[in-house]
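Position chain W against the provided structure of chain P, taking the given hints into account.
Order-wise, the sequence lines are chains P and W. For what it's worth, this note's numbering labels the leading residue of the first sequence as 1, then goes sequentially. For what it's worth, this note's numbering labels the leading residue of the second sequence as 1, then goes sequentially.
Hint data in this document are derived by calculation from the structure and do not stem from the laboratory. Bear in mind the structure is a predicted one, so any value in this text is a computation, not a measurement. Yeah, the Cβ is synthetic: ideal placement off N, Cα and C, and Gly gets one too. Among the clues, some could well be false.
Residues on chain W that point at chain P, a partial pick, calculated with CB under 7 Å [stated by the list, open to error]: (1) 6; (2) 230; (3) 231; (4) 232; (5) 234; (6) 237; (7) 239; (8) 240.
Cut-off 27 Å, straight-line C-alpha distance, at most; resulting in silico cross-link-like pairs (BS3-like, lysine-lysine) [unchecked claim]: (9) P/149 to P/70; (10) P/128 to P/87; (11) P/86 to W/17; (12) W/241 to P/70; (13) W/3 to P/66; (14) W/17 to P/110; (15) W/3 to W/438; (16) P/86 to W/241.
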Amino acid sequence: MSFLTATQVVKRYSGHLALDSLDLAVPQNSIFGLLGPNGAGKTTFIRILNQITAPDSGSIYIDGEKLSAKHIHSIGYLPEERGLYKKMKVGEQALYLSRLKGLNRHDAFKQLKYWFEKFEITEWWDKKVEELSKGMQQKVQFIITILHKPRLLIFDEPFSGFDPINTNLLKQEILKLRFDGATILFSTHNMASVEEICDHIALINKSRKILDGNINDVRDTYASGIYEFTYLGYFQKLAATLATNYEIIETAENNGISSIKLRLTDSSMSQNDLIKHMLQFGNMKSFEMVKPSMNDIFIKAVQSSGPSNETKIN
Amino acid sequence: MSKTGLIIQREYVTRVKKKSFIIMTILGPLLFAALMVAPALLAQMEEDELKYVAVIDDSYLFAPITSDDGKIDIRILKDTEFIKFDYMLNMSMDSAKNQLKDSKYYALLYIPHNVINMGTGRVQLFSYQQPNLGLKMHIANCLEKHIEDIKLAEKGKDLGITPESMQEILRVVNSNVNVITYKLGEDGVETQTSTEISMILGYISGFLIYMFVFMYGSMVMRGVIEEKTSRIVEVIVSSVKPYQLMMGKIIGVALVGLTQFLLWVVLTFGLVTVAQAVLIDTSKIAEMAQVPTDSTGRTLIDADKAVDEGAAQFSEVFNSIKAINFPLVIGMFLFYFMGGYLLYAAMFAAIGAAVDNETDTQQFMLPVTIPLVLGIIVMVSAINNPSGSLAYWFSIIPFTSPIVMMVRIPFEVPIQDVIISMALLVISFVFMVWMAAKIYRTGILMYGKKVNYKELWKWLRYKN
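Chain P on its own, in the form it takes in the complex (with noise of 0.2 Å):
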């Protein structure tokens, strides 16, 4: 069951075609990437999804109900360029944004409070938000986003500008949303952090999808037939023997553990059969089918793309 369906969005901004005739489906409760290029169109739809702008055509449903005013309540944005009044205090600043966003004074202030405190910058509670470093402010930034417990969570690259420690708890926090019941679409170039907690993507090049499933799924697809077994002790002419039957990518040894890597060309011949068939060669420590990185295919897929390319994975 998709919590956000995006139906042939169509938006054109003074003879550029920013988004064009998208369709897109956030299943529930996952976290889901949305990656591109620069310039693809993923703010522009971002944006629409905030309402701060309206597609020219196409439509766009929220839990079944069609995107209106009420949904600002409903979902919670976090942008890219992101910024706070630089003079005014952090607690008061996070207030006001808060009662922006629809909670009344006594909610925002209990909650603000009980964040603040998990994430130990109550101090800075008077303080001006000049005042505090970067990843302060950005600390600050996803509590004012998460405080309306929104049920639909927008991040445009998050994780910019964070060190890896505060990378780290930002992910937890992501992953702990996830387990509480909101639905995450996130957009980003950091491809490890779409390898390590996304359910889904998709990919948009020049106003178009490109790519679009089950991130497993995706990866499988893009998977070469790469496999990297390893075996306790030492094979002389290992590879050499095998460099018959498949393409040898790579070998090596260490600590009296061999490994070798090799894709598989005979398409006739099934994963068990190649297990099977590698498995008299000595004492098989570990068999693993190597997967192709986000970045890898990301790249792979873009350029490969053309206007009228789409590859769709169910």
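Frame of chain P, contents of chain W only:
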């Protein structure tokens, strides 16, 4: 609270708490009180040192009259508290000029021999410093009086009238006409008015409106630019419509302006009252109102009459101030301040939204500054001719009406002029707000584009 209400509250509170607001609130009345009190104060301490003036008189008309024993009886060139004349005998101008620098003399006065017949005369004052106005005027006065007396005496001789009779005629003839203005009310009541007071009032209110509109309009613009550069606008417009943010800011700043104005009025009133009581010695003021005298020292008008005149003038001023319809003036001021501010603040908001930083605003400031300055220029001439056609048209046109109409108000404007002016102003600011909202909503999320008027026009035509 509604979202717009929340925004208004934030805009108001953040600005009122600022140090600059508090300083301005205190500074304003201080400056104003100083302006009103300073001339009086300064007049009291005009001169502070004695100035000696050497006189070389080739006409020999201005020599002091000595009695037989050589003591000086009558000085024609009168000494004052700060000016002392020394009549030089048998000295040439050249040697006097040479000696001037090292002497005790502040200036050297030369009176040519034909000073009576030369009209404006070629009386010259030499000094190593710039002689002040007071000295110049005093010399001119003394010389004029004496020359007039001499001419009178000669004429009298021709006509067979004695000098004493001449003076008597002059004294009796001297008149001081003071036109007292009265306004006829509908109910047949006559109230005393004063043209001067009305002029001052008109001028002050017109100027205040100009200042406030500019000051608070700029505040709005700077706020919009701040939100753009800090990118907080991205977060806010996911919660509220751009229109709400713009109006919230405009109204919030308006309230700041009203608060400041109110505080100013209260503080100024208090300060002026205190200052007058403490600083100004009212007896000195009477002295300042110089009673004209002739060269022999006799007053040209009755001393009694002088006191009466002074009292009459004072009570006239007092009555005229009472006659001013303050509720009307203040009500009109508030309306035109709000109307003018809303009109211009909308423009300022649109400009702020269109640019990325303050320096880029230059190209758009022209349509804002020109009407305001025009209003001030017209105001100066409208003060003299409040019912003229220049004043009429500029008090109707919405961009200048807030300033110019305020000038006309103390002078009894026809009610239909006021109604037309108010209606036009309201229609204009509604329209301007609508236009500004369109530019605002597109501009606040647009960065990096060099915007010009053509671009703005495109934005106006975007559909929502």
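Next item on the list: Would you settle whether the hint for residue 230 of chain W is holds or violated, based on the nearest Cβ-Cβ distance to chain P being less than 7 Å?
Entry: At about 4 Å, which falls below the 7 Å cut-off, the nearest Cβ of chain P leaves the hint on residue 230 of chain W intact, so it holds.
Next item on the list: Could you grab the alpha-carbon distance between residue 3 of chain W and residue 66 of chain P and see if it respects the 27 Å cut-off?
Entry: Roughly 23 Å between the alpha carbons, so the hint for residue 3 of chain W and residue 66 of chain P holds.
Notebook entry, point to check: Does residue 241 of chain W lie within 27 Å of residue 86 of chain P when you go C-alpha to C-alpha?
Noted result: 22 Å, holds
Item checked: Restraint check, 7 Å cut-off on beta carbons, for residue 240 of chain W near chain P -> Since chain P brings a Cβ to about 6 Å from residue 240 of chain W, closer than 7 Å, the hint holds.
Note to self: Just to be careful, I want the Cα atoms of residue 17 of chain W and residue 110 of chain P compared with a cutoff of 27 Å; is the pair within it?
What the structure shows: 25 Å, holds
Note to self: Next pair to validate is residue 3 of chain W with residue 438 of chain W; report whether the Cα-Cα distance is within 27 Å.
What the structure shows: Holds, because 20 Å separates the two Cα atoms, which is no more than 27 Å.
Checklist line | residue 241 of chain W paired with residue 70 of chain P [C-alpha distance capped at 27 Å] | finding: Holds. Residue 241 of chain W to residue 70 of chain P sits at ~12 Å (cutoff 27 Å).
Margin query: Given residue 6 of chain W as an interface hint, is its Cβ closer than 7 Å to any Cβ of chain P?
Written below: Since chain P brings a Cβ to about 6 Å from residue 6 of chain W, closer than 7 Å, the hint holds.
Checklist line | Minimum beta-carbon distance criterion (7 Å), residue 232 of chain W to chain P | finding: Holds. Min distance 4 Å.
Check: residue 128 of chain P and residue 87 of chain P: Cα distance at most 27 Å?
Finding: 6 Å, holds
Next item on the list: Let me know if the C-beta of residue 231 of chain W comes in closer than 7 Å to any C-beta of chain P, holds or violated.
Entry: Holds. Min distance 4 Å.
Item checked: Satisfaction of hint between residue 70 of chain P and residue 149 of chain P, Cα-Cα up to 27 Å -> The given pair, whose Cα atoms are some 15 Å apart, holds under the 27 Å limit.
Hint compliance for this structure: every hint is met.
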